[in-house]
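For this one, chain A is given, so just place chain B on it according to the hints.
If you're matching them up, the sequences are chains A and B in order.
Just so you know, the numbering used here puts the end of the first sequence at 254, numbered straight through with nothing missing.
Just so you know, the numbering used here puts the end of the second sequence at 1298, numbered straight through with nothing missing.
Bear in mind the hints are in silico, worked out from the structure with no lab data behind them.
Mixed in with the good hints, there may be bad ones.
With a cut-off of at most 25 Å between alpha-carbon atoms, the simulated PhoX-like pairs for lysine-lysine come out as follows [said to hold, decoys possible]: (1) B:K1196 to A:K119; (2) B:K1191 to A:K64; (3) A:K119 to B:K1037; (4) A:K33 to A:K64; (5) B:K1197 to A:K119; (6) B:K1037 to A:K89.
Just so it is clear, the structure is predicted and the values come from calculations on it, not from any experiment.
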Amino acid sequence: MTKDKAHISVQDLNVHIGGNHILKDLNIDIPNKSVTSIIGPSGCGKTTLLKTFNRLHDTAADVKVTGKVLVDGEDIYDPNTEITHIRKKMGLLSQRPYPLPMSIYDNVAYGPRIHGTRKRQDLDIIVEKQLKATALWNEVKDRLHSSATRLSIGQQQRLCLARGLAVGPEIILGDESTSALDPVSTSIIEDLFVKLKQDYSIVLVTHILRQAARVSDYIIFVYEGRIVEYGKTEQVLRDPREELTKEYVKGYIV
Amino acid sequence: MQTIRLLKDKIISKLMLLFTILSVSLVFIIGIGLYYKSIPVLQNSTWGHLLTSSVWKPLKGLFGFYPYIMGTLWVTGIAIIIALPLCVLTSLYIVEYAHPRVRRILMPFVNLLSGIPPVIFGVWGVLFIIPLIQDHIAPHFVEFSTGYSVLAGGIVLAVMIFPLIVSILNEVLRTMPQELKDASLALGATKWETIKKVILRKALPGIIAATVLAISRAFGETIAVLMVCGNNAVVPHSVFDAGYPLPALIANNYGDMMSIPLYDSALMFAALLLFIIILLFNIISRIILSRLERKMAA
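In isolation and in its complexed conformation, chain A is listed as follows (with noise of 0.2 Å):
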């Protein structure tokens, strides 16, 4: 695949969640190996516009999607399409982290069991090579097999992007994910996002619009459930096209 090639097409999209209209007519193309930001204020669908790219929503009774999302030209609506499959192409980094109820090493390990792979030397590699990945190795290599809770907010959520990386994802979801922590564990989770994007493809859903100008190479701009403006991050945040971003954008940075 070819940088800027479109990595998730977004097809009409609407959201419908417990009869609210949460996302209206969305069309979308999220490049390849790219880190792309989704950025709007409090309520404005872009959390549920990450959710409809790895299909959490279908654990919600209530929630009603149409149109197309397109994963490597895949829809992953199509009810024939197998969702665990769709998952494991995409890592998802949450708010907060929330380590599974099990050791460190039992957390990274977790994904490539699940899919079958059992031998320990397997297994061994992996975790290692994962946890390398997200420079937490020298910090627990000593302690693998102790519980996961024991680690600081920081290292916790480092680990989660271990163990999503651990499943050879294409894609990593990031829904706020430093928004639970201090500024040092913020600026490494944000160094490898940076890192990570020469081999997958990034989108990021932040409400700090610094963190988006750091490490996002496009800006979609949410409002109100539409894309307002959707360009390369200087462009949006320098010289927004749409008056809606110009204010979202005034707003926040100085």
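Chain B in isolation, oriented as in the chain A frame:
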């Protein structure tokens, strides 16, 4: 004015403390009272003999509680073995799978079950469970069974503790964070894999706590069990044998045979035994639970 308000505040808090102490001390008062009443039979025999002997001849002053203790353990054990898997699966269905509308319809039924008086469960056991065991289950395993057995007691008891366990488990499962489930699902796990490997593991302390409560309740359940378990003072060797749990012994005989010397004291000793079993069981499970919680945090 101010002082009166403050005084009121103080009096109320002291009053609450008083009532709390009163209700907590009831445990000790009951324990001591039972022990005091058991002294005559204990003087006539020893703890070891009373607990291990199977000879029950009140007229000769011989009281062996071993069959009753075993009867209690058998019935309770069977009940929990039957009830626990059913309860876990039911709760998982209600919380994780059922449509909210279905859940709203199902829960009142489960709660209603806990409101049915024990004697009705007893009658139900006699009318349905006993014939079922006698005619359809027992013939596959043993030559003859009247149906009145520890199995019947266990089944009736299982149905009775079912709503208790289910309602506690529902609370436990409902407090599982959605994000934790999402974390597992987002890795490509199926719902069942998520339940098996993440939710049940996280819920284990809650499941144990629910089980402990149910067992404590089951130990003491009297009337429904008494009606179906045969009340034969022998040690059961299979689930189709009759048993005679401690509560049934007390309920059947108290007030009836008081002319026999020491009988009154022996029944008090039975009550003391039940009390100790439940106390010990609760202490042990508390220790297991705190160990487990520490282990999960470690």
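Tested hints:
1. Straight-line distance between C-alpha atoms of B:K1196 and A:K119 comes to about 21 Å, which keeps the hinted pair within the 25 Å bound.
2. Taking the CA atoms of B:K1191 and A:K64, the gap is about 20 Å. The hint holds against a cut of 25 Å.
3. Only pairs whose Cα atoms come within 25 Å are accepted, and A:K119 paired with B:K1037 is rejected, the gap being roughly 64 Å.
4. Note on A:K33 and A:K64: the hinted pairing is violated, with a Cα-Cα distance of about 30 Å set against a maximum of 25 Å.
5. Only pairs whose Cα atoms come within 25 Å are accepted, and B:K1197 paired with A:K119 is accepted, the gap being roughly 19 Å.
6. Under the criterion of a C-alpha separation no larger than 25 Å, the hint pairing B:K1037 with A:K89 is inconsistent with the structure, at around 71 Å.
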